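Could you put the whole structure together from the sequences, leaning on the hints where they help?
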Amino acid sequence: MIDTITSILSSSLPLMAPILIAGLGELIAERAGVINLGVEGIMSVSSLIALVVTYFSGDYALGFLSGIGVGAVFGLAYAFIVVTIAVNQLIAGLLFFIFGQNIASFIYRLVIKYQVPSVNPLPNVEIPVVKELPIIGRVFFSQPLYVYVSLFLVFVIRVVLHKTSWGLAIRSAGENPEAVAAAGINVNLLRFICVVVGSMFAGFAGAVISVGYIGLYQTGLIAGRGWLAIIAVIVAGWNPINLLLSSWVLGLGFSTAASLLTLRGGIAQYYFYLTLPYVFSLFVVLLIPGRRRGPAALTVPYKRR
Amino acid sequence: MKRIKKSLIQTCLPYGIGLVASIVIFLLILTSLKLDPVAGLKYLIISSLGDSFSIQQTFIYMSMLVLASTAFLISIKGGFINIGIEGQLHLGAILAYTTSILIGERLSSFLTIFAAFTASVVGGILWIIIPLILRIMLKVNEVFVTMILNFIAPLIVSWMVTGPFRDPRMAHPQSIPIPVLAQLPLIPGTRLHVGVLLSFVVCFFTWFLLQKTTWGMYIKAVGSNPVAARAMGIDVEKTTVMVSLLSASIASLAGFIEINGNSHVLMERFSIGWGYLGIAVAILGNLNPLGVLLASLFYAMLISGGRGLEIKLGVPIEIAFILQVAMVLAVVIARSWFSEKVSKL
Numbered sequence: 001m002i003d004t005i006t007s008i009l010s011s012s013l014p015l016m017a018p019i020l021i022a023g024l025g026e027l028i029a030e031r032a033g034v035i036n037l038g039v040e041g042i043m044s045v046s047s048l049i050a051l052v053v054t055y056f057s058g059d060y061a062l063g064f065l066s067g068i069g070v071g072a073v074f075g076l077a078y079a080f081i082v083v084t085i086a087v088n089q090l091i092a093g094l095l096f097f098i099f100g101q102n103i104a105s106f107i108y109r110l111v112i113k114y115q116v117p118s119v120n121p122l123p124n125v126e127i128p129v130v131k132e133l134p135i136i137g138r139v140f141f142s143q144p145l146y147v148y149v150s151l152f153l154v155f156v157i158r159v160v161l162h163k164t165s166w167g168l169a170i171r172s173a174g175e176n177p178e179a180v181a182a183a184g185i186n187v188n189l190l191r192f193i194c195v196v197v198g199s200m201f202a203g204f205a206g207a208v209i210s211v212g213y214i215g216l217y218q219t220g221l222i223a224g225r226g227w228l229a230i231i232a233v234i235v236a237g238w239n240p241i242n243l244l245l246s247s248w249v250l251g252l253g254f255s256t257a258a259s260l261l262t263l264r265g266g267i268a269q270y271y272f273y274l275t276l277p278y279v280f281s282l283f284v285v286l287l288i289p290g291r292r293r294g295p296a297a298l299t300v301p302y303k304r305r
Numbered sequence: 001m002k003r004i005k006k007s008l009i010q011t012c013l014p015y016g017i018g019l020v021a022s023i024v025i026f027l028l029i030l031t032s033l034k035l036d037p038v039a040g041l042k043y044l045i046i047s048s049l050g051d052s053f054s055i056q057q058t059f060i061y062m063s064m065l066v067l068a069s070t071a072f073l074i075s076i077k078g079g080f081i082n083i084g085i086e087g088q089l090h091l092g093a094i095l096a097y098t099t100s101i102l103i104g105e106r107l108s109s110f111l112t113i114f115a116a117f118t119a120s121v122v123g124g125i126l127w128i129i130i131p132l133i134l135r136i137m138l139k140v141n142e143v144f145v146t147m148i149l150n151f152i153a154p155l156i157v158s159w160m161v162t163g164p165f166r167d168p169r170m171a172h173p174q175s176i177p178i179p180v181l182a183q184l185p186l187i188p189g190t191r192l193h194v195g196v197l198l199s200f201v202v203c204f205f206t207w208f209l210l211q212k213t214t215w216g217m218y219i220k221a222v223g224s225n226p227v228a229a230r231a232m233g234i235d236v237e238k239t240t241v242m243v244s245l246l247s248a249s250i251a252s253l254a255g256f257i258e259i260n261g262n263s264h265v266l267m268e269r270f271s272i273g274w275g276y277l278g279i280a281v282a283i284l285g286n287l288n289p290l291g292v293l294l295a296s297l298f299y300a301m302l303i304s305g306g307r308g309l310e311i312k313l314g315v316p317i318e319i320a321f322i323l324q325v326a327m328v329l330a331v332v333i334a335r336s337w338f339s340e341k342v343s344k345l
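Chains A and B are the protein sequences, given in the same order.
Each residue of the first sequence is one higher than the one before, starting from 1 at the first, in my numbering.
Each residue of the second sequence is one higher than the one before, starting from 1 at the first, in my numbering.
Treat the hints as calculated values from the structure; they're not laboratory data.
Where hints are given, some of them may not hold.
Stated by the list, open to error - Footprint (simulated), chain A over chain B, 3 or more residues, beta carbon under 8 Å:
#: 1; segment: 137-149
#: 2; segment: 276-288
#: 3; segment: 322-328
Since the model is a prediction, treat every value here as computed from it, not as a measurement.
Cβ atoms here follow ideal geometry from the backbone N, Cα and C, with glycine treated the same way.
Written out as structure tokens, the structure reads:
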């Protein structure tokens with residue numbers, strides 16, 4: 001029993017990581033006033049490209065970098081569309097989601113004609129001594145590198161957002177862009193950068209899933225986690241520390257389902273367990289108090305006067 | 001005269017730009033695959049309109065898109081963002097299929113089909129109730145709830161297809177076929193099933209509802225300005241409920257005609273993403289039923305054409321979807337560009 005709980009807890013962190021990372025990126029963009037609903041699509045493409053690059057080059061770092069690069073490309077396009085041209089963000093985001101899914105499928109169908117890429121997923125980083133602690137040791141001190149990276153990123157974002165002047169500018173751009181403009185800052189340039197950075201985070205998260213966690217790609221690999229990242233941000237009230245919690249809860253949904261899947265059971269149980277992370281997330285969605293407001297200028301394009 | 005001309009240009013020019021954009025992307029993709037773009041274009045056109053088989057295939061795809069996009073457009077008009085169409089059509093398929101199988105041969109064809117139709121609508125409604133309740137009672141944004149449900153629905157289908165309803169004769173998991181009685185009849189003189197007609201009827205009904213009835217007026221009022229609508233005495237909650245139920249019902253019909261009309265079995269991944277393509281079509285058609293009809297036709301041609309490209313040149317069919325989304329993105333960008341001044345970086 002303890003063993004099962006430990007394993008659910010310890011496997012929840014690698015499952016939390018991509019949601020958290022993508023969520024952090026989305027948080028940056030949304031605090032600046034731009035929502036990106038295309039995260040799922042971006043993650044689909046970046047996870048595929050990262051895997052293919054890692055497979056053909058043998059270089060994991062290059063793979064992760066290319067995933068980030070994919071995020072950057074999509075981010076540039078999306079930022080241009082919703083910040084510069086001021087297209088409706090919900091529409092553009094949805095279309096990017098569909099676009100990304102189909103681009104990923106297209107490239108994947110081309111690739112598998114030649115080879116089916118697969119790599120070894122990243123191993124756990126074991127922190128000596130502490131990892132021998134009962135339960136906590138396995139859960140917190142024996143995790144793949146990207147888990148620690150994601151936790152570090154939470155800290156970085158928290159500091160940057162709340163303790164630096166750039167963070168203040170970002171937060172204000174999402175609440176009251178006029179005030180930011182009055183202070184002499186180019187609001188749309190700031191939003192543009194935040195969107196691109198956010199998208200790069202999403203790209204990184206996609207790479208984490210394919211290269212870091214599972215070592216291969218298939219259609220539907222992302223399985224809604226891009227959307228869950230967006231939900232996690234809202235549930236967290238756009239706060240990085242809370243985002244850690246909300247992503248972890250969602251990660252737990254996946255790890256519990258994965259753990260249940262290893263139990264004996266028939267076909268019905270198998271598919272039922274697969275639905276669990278989503279059913280679970282519906283309950284998590286209930287945690288969004290109806291009256292909580294996001295950044296006041298979220299989805300509102302800023303026009304220079 | 002000048003104003004008419006100007007607004008005509010403002011409506012049509014984005015489409016021209018969209019068309020150019022998709023042609024450019026088509027050329028880019030084909031040349032990077034080292035294929036002849038002219039041959040590609042030729043196959044695209046032949047496979048979508050070249051012979052009676054292709055044309056009928058195009059109409060079948062068109063009917064799916066018409067239903068999906070109509071479902072989306074009516075929900076948006078009413079201020080309810082239903083992006084759960086993919087899930088709702090799965091539920092429509094699930095319930096229509098189950099009803100068809102359970103009735104078996106006991107009733108007449110008409111009754112069986114009618115029962116499947118009703119069951120399908122129930123399925124769609126089932127899948128919209130949770131987002132609807134969450135929105136009305138807890139003010140939770142329906143975008144996320146409807147989207148999450150999209151991921152659950154295909155798992156139910158997978159369970160049915162690999163479990164209780166599996167056809168033991170097939171190596172690849174597939175459900176046992178529905179009885180012949182439950183199959184939609186064909187339009188005389190063609191190989192098209194009446195589901196195609198149904199989609200046009202639904203589209204017309206939606207246009208009529210929105211343009212010619214008081215309910216349509218309420219829907220549009222609530223969709224554009226709920227605060228003002230409420231002040232005018234319109235029951236906003238009731239209208240939201242009605243719009244979302246309608247939207248989900250229409251979406252579910254796409255699943256109904258796919259099962260009872262097209263394939264006659266339930267399969268995993270039976271949907272190529274109609275729910276999402278429907279959203280793109282609705283946006284392309286500028287959220288009006290006539291535009292949506294034309295956009296559906298055009299997109300359906302791209303899909304049939306894409307199938308042909310896949311067979312003849314080995315290009316993955318996803319190229320059709322990429323072109324579709326590229327086109328609507330370009331159109332949307334062009335529309336925004338023309339209607340407002342572009343903010344400078």
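Against the structure shown, which of the earlier numbered hints fail to hold, in ascending order? Hint check: nothing fails, all pass.
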